[in-house]
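Student: Using the hints, position chains B, C and D against chain A.
4 protein chains.
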Amino acid sequence: MTIAHVGHAELRVTDLAASRQFFTDALGLFVSAETDSQVYLRAWQDWDHHTLVLTEADESSLDHIGWRVSGPDDLAEHEKQLKRLGVAYEWVAGGTELGHGDSIRFLTPVAGLPTELYWEVERYVESDPDMRSTLASHPQRFVGGGAAPRRFDHGNFRINDVKAEQEWYTEYLGLRHNYYVEGEDGARLGSWLAKTNLSHEIALMGNPRQDGSRLHHVAYFLDSPDQLLRGATIIADAGYKIEWGPGQHGTSDAVFLYSFEPSGHRVEIWTGGMLLFAPDWEPICHRKNPNDNGFGLAAEMWGSGTPDTYFTYGTSLPGNVGVAQPA
Amino acid sequence: MTIAHVGHAELRVTDLAASRQFFTDALGLFVSAETDSQVYLRAWQDWDHHTLVLTEADESSLDHIGWRVSGPDDLAEHEKQLKRLGVAYEWVAGGTELGHGDSIRFLTPVAGLPTELYWEVERYVESDPDMRSTLASHPQRFVGGGAAPRRFDHGNFRINDVKAEQEWYTEYLGLRHNYYVEGEDGARLGSWLAKTNLSHEIALMGNPRQDGSRLHHVAYFLDSPDQLLRGATIIADAGYKIEWGPGQHGTSDAVFLYSFEPSGHRVEIWTGGMLLFAPDWEPICHRKNPNDNGFGLAAEMWGSGTPDTYFTYGTSLPGNVGVAQPA
Amino acid sequence: MTIAHVGHAELRVTDLAASRQFFTDALGLFVSAETDSQVYLRAWQDWDHHTLVLTEADESSLDHIGWRVSGPDDLAEHEKQLKRLGVAYEWVAGGTELGHGDSIRFLTPVAGLPTELYWEVERYVESDPDMRSTLASHPQRFVGGGAAPRRFDHGNFRINDVKAEQEWYTEYLGLRHNYYVEGEDGARLGSWLAKTNLSHEIALMGNPRQDGSRLHHVAYFLDSPDQLLRGATIIADAGYKIEWGPGQHGTSDAVFLYSFEPSGHRVEIWTGGMLLFAPDWEPICHRKNPNDNGFGLAAEMWGSGTPDTYFTYGTSLPGNVGVAQPA
Amino acid sequence: MTIAHVGHAELRVTDLAASRQFFTDALGLFVSAETDSQVYLRAWQDWDHHTLVLTEADESSLDHIGWRVSGPDDLAEHEKQLKRLGVAYEWVAGGTELGHGDSIRFLTPVAGLPTELYWEVERYVESDPDMRSTLASHPQRFVGGGAAPRRFDHGNFRINDVKAEQEWYTEYLGLRHNYYVEGEDGARLGSWLAKTNLSHEIALMGNPRQDGSRLHHVAYFLDSPDQLLRGATIIADAGYKIEWGPGQHGTSDAVFLYSFEPSGHRVEIWTGGMLLFAPDWEPICHRKNPNDNGFGLAAEMWGSGTPDTYFTYGTSLPGNVGVAQPA
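Chains as they are written, first to last, in this note's numbering: chain A, 1 to 327; chain B, 1 to 327; chain C, 1 to 327; chain D, 1 to 327.
Keep in mind the hints are simulated off the structure, nothing from the lab. Among these hints, one or two may not hold up.
Below, computed lysine-lysine pairings styled on BS3-like, alpha-carbon distance capped at 30 Å [said to hold, decoys possible]:
#, chain 1, residue 1, chain 2, residue 2
1, D, K241, D, K288
2, A, K163, A, K288
3, B, K288, C, K241
4, A, K163, A, K83
5, B, K288, B, K163
6, C, K288, C, K241
7, A, K288, D, K80
8, C, K80, B, K241
9, C, K80, C, K163
10, D, K163, D, K83
11, D, K80, D, K163
12, B, K83, B, K163
13, B, K241, B, K288
14, A, K241, D, K288
15, B, K163, B, K80
16, A, K241, D, K80
17, C, K288, B, K241
18, A, K163, A, K80
Next up, chain A with everything else stripped away, as it sits in the complex (with noise of 0.2 Å):
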């Protein structure tokens, strides 16, 4: 019983078609299905019908990161387990969240992140012909517009007990523990985990204010910096705020730039960055530069300075009640 791979999150947003239009012009997502409260999106390359929903809504919020589980025996076996560990969960019927089969959903019971986990889902099939690629390993034709990035990456969060929950997603879900930050008094700061041999699939960092668990951040992977550095003059020019970047982490040794889109998510496009193979892989440990803003090399090798609003804003969570606001 285990997880395969971060998959999917469904944000809700309060301005559907100014974030469609973020998504899509700025970011260079494509639209898989539409309703006329939802949209489904995903990267050129992303092989699933979607990697991102946005929902409409009265606030911002993350409605639930989703994970594939790697076989269809799965959901089961993690039912089982939620069962044994007193975890509130509910069933999503197929077909709820279009192109999916029967979902799991729970809030994790440390930082209470909202969590899908799912077996079943369509591939996509372009059906304009005018978007179909003459290349089997081109789900749609490579047109370029916008940033656009080749596939999700990942979600980031900021909670009140890194450690605590990374534990929780190395016990039950079989995450690897790849790096972490700690304080100059070891209190754990940041910790990325994945399944895969991504640097990381989700992202826990410590809530500064303490007042509960927000979204951060979800991200989209893009092939070289040159590329990133495009994207960031099309999301400049279009005129959205870029709050951070480019600039590269210190600890994924990946290039980095945040933006906001209109409902008020944060989105990351990033790429390069180290993948991890080794099985017996130690966590590395990144201890906090007390001359440095925050993270120090930890966060960034070069680029300025962390914004403020880079510890302190972030998206609700189901049940969190009053969102941190941007400086």
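Tutor: Coordinates of chains B, C and D only, in the frame set by chain A:
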């Protein structure tokens, strides 16, 4: 009396709609004006009204390549020189080519290259509010569709007598001779010239068949090799034929890609390479290497061998009958 | 009992000094250990003691390609399986290959590919203070000399019977079959497999001459197409032969460059391309296009045609007599 | 009587050995000549003997910035003009600065910028056979160490009266005024000028402290944003301080990175941006946006906010006492 820089080209095309789609969707140029039989195009940072005109015609050919002169009195001076040299010319009334004032057109006396000299030009002003940039240095918003070159760069011809044509350009139009290729027998195989600091604004390459002059290609400039490869993927995935590249010219040190637009003209996108600043620049001599399939190191530093069509195929010039066909 | 990932290769080389210079100066690898007859190399972010061994020999050949197993008990389990299958193997004592513990070596029963399984490996620790990085994610300082790949990537072979060999790897080593090329007659022309999320860790391509197995190339991974083109310039300007590229594989969607190191082995640098996460991945079938000179769209998306040597030239494997020569 | 282009700078440095190491190992320049107290440097494709001189001194300052004139008679013409204007100057004998002929040095009358005019210059010839390229367009082999810029680009100053200095340069040295930044009160905050098609060869930025003139930085040009980020990693991982960037200037549209070399001079690497060809170019006016921390959109398009030191820190000019210190 001098010229300032190469400024635009007018291509006659047999399939205006298909050519328009190539230049807008795949190459990423923008339409600045349009009539039933013409499309005016420019790259996103071209400051002038247009840098390319597509004109519907029965045969794909170059109508003219245009050079902007250095001041308002220079056209009259050039007219005097053409008279003195006995070169036939005609005045074209301002507005005939949209966005331009009066111009002089003539065929160069050696190779018959259709050349225009002009002074007055409208500066491009973005009329679509959604496409205006907040940056004064952006004549329009950067949206990044297609290969998205920054600017028009140069024109290239195959002609019978490279040396004579180069000397005419240098003597009468004042172009600096920047580098050339010489065969083992001392024959001039190609010459690259510019008035500006570019490595070349016009290239003259020998015609191995000695059957007259052809347009070899027009070129647009991109900001990076990465953008060029991204453009290659867009062009290939849209089903257009890539003839050669990516490769690196050993002459200009620029990275290149050649493709064919639907009416048959060869189009280059390129990036990098050298600028030349020395007022006493001595043209670099590249000697043909007999072990190579053509220009040898002079033509490419890496990238695969030059395809035969590169030597044999070009599109027509006014007065030329019978264009060499692709292999 | 599983394997974890491909980890290294040992190449026998006829000119150790010249090969060492290629791999350090042009490719940008680093020497982690050295004896009179061997050079141990790694890319700057390879975490293990080495990912390539050069061993002086009378003939240039592949000594072995090494796969790390998933846990300390897996070697014994693999031994049992090899016994059961009647495959000859030998134990190699720890330290014979520096930095590694005991290993098992055998020839795969179908194609005779020299394979090593190993578990214990020293993690690289930078001993030169000037080369230590302040970043815990950098096993050494990034200095950027040569092509400067980030990590070892994969090995590639030409063999007589691709389908049988692929099935053996999938059944007995548990490799996922990710994509393959099929001829018009349904013949299997190539298969790409991986245990990790990489598009492949080993490739098996058909030998058109049907005269046995050859090493086709080993590959290192770079962060961007721009770095690959920069690497191409370094390799070309140092006088090494580039065989093919840059181009983009239509199969993996990765950008590639092949060159020959001085002892005759083909070496690939590549970047980009897809990662695969689906636990129920169905291998993509690329059908050979009869209008192409070989693998067609499957082999390249843009970039010039495949040179003949790519199909005919490889370096020897143990037991093979007579290596195909370059055209 | 004109100047042709900016050609080099001489920096006085307090720690010659450390500065030499920065410029060779991290920046990737090459030593073309060396004495006990001087190091002559050039980028790999700089055609002249040198583009930077480091001279050991008690204080780090700019000795002079050098402009090449357009012909052999221009120095005498410039001398006449300086006499007529009553500007003090001195002749420096050929060979005093290695590789150069006689030159005239003077302080500009408004801001006192130490300026050299020269004509004769040795073209660089590679004397090391191992560093010679087979390409005539490569004055030396491209080996790619360090940031590896292609060529020297420009110098930048902070001065009290931007407008007056700009007008002097335009009137007496014939530089084209390309773009400028204006405060809300109409005050001139910065001007960028060039003789060539570069967006600028010299920049004049206002000194907010109004305490005289400082060298702000000298700049070298790279081929791509990707190379700039790679250079940033090399510079950061070598322990040098990066002050600002990567970011994109909203004025020139170029991508930038500023770091400090060990003797305290600010050094920029940059790439991309616009070239200007119009003979009747009207300078672009960038108005300061009051919501920004300085130059607003004019200074950067994306990338994080301008650090205070960018406005306050510079290195000394001859005659200036007391250099502003970094915050």
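Student: Hint numbers the structure violates, sorted upward?
Tutor: Violated: hints 7, 8, 16.
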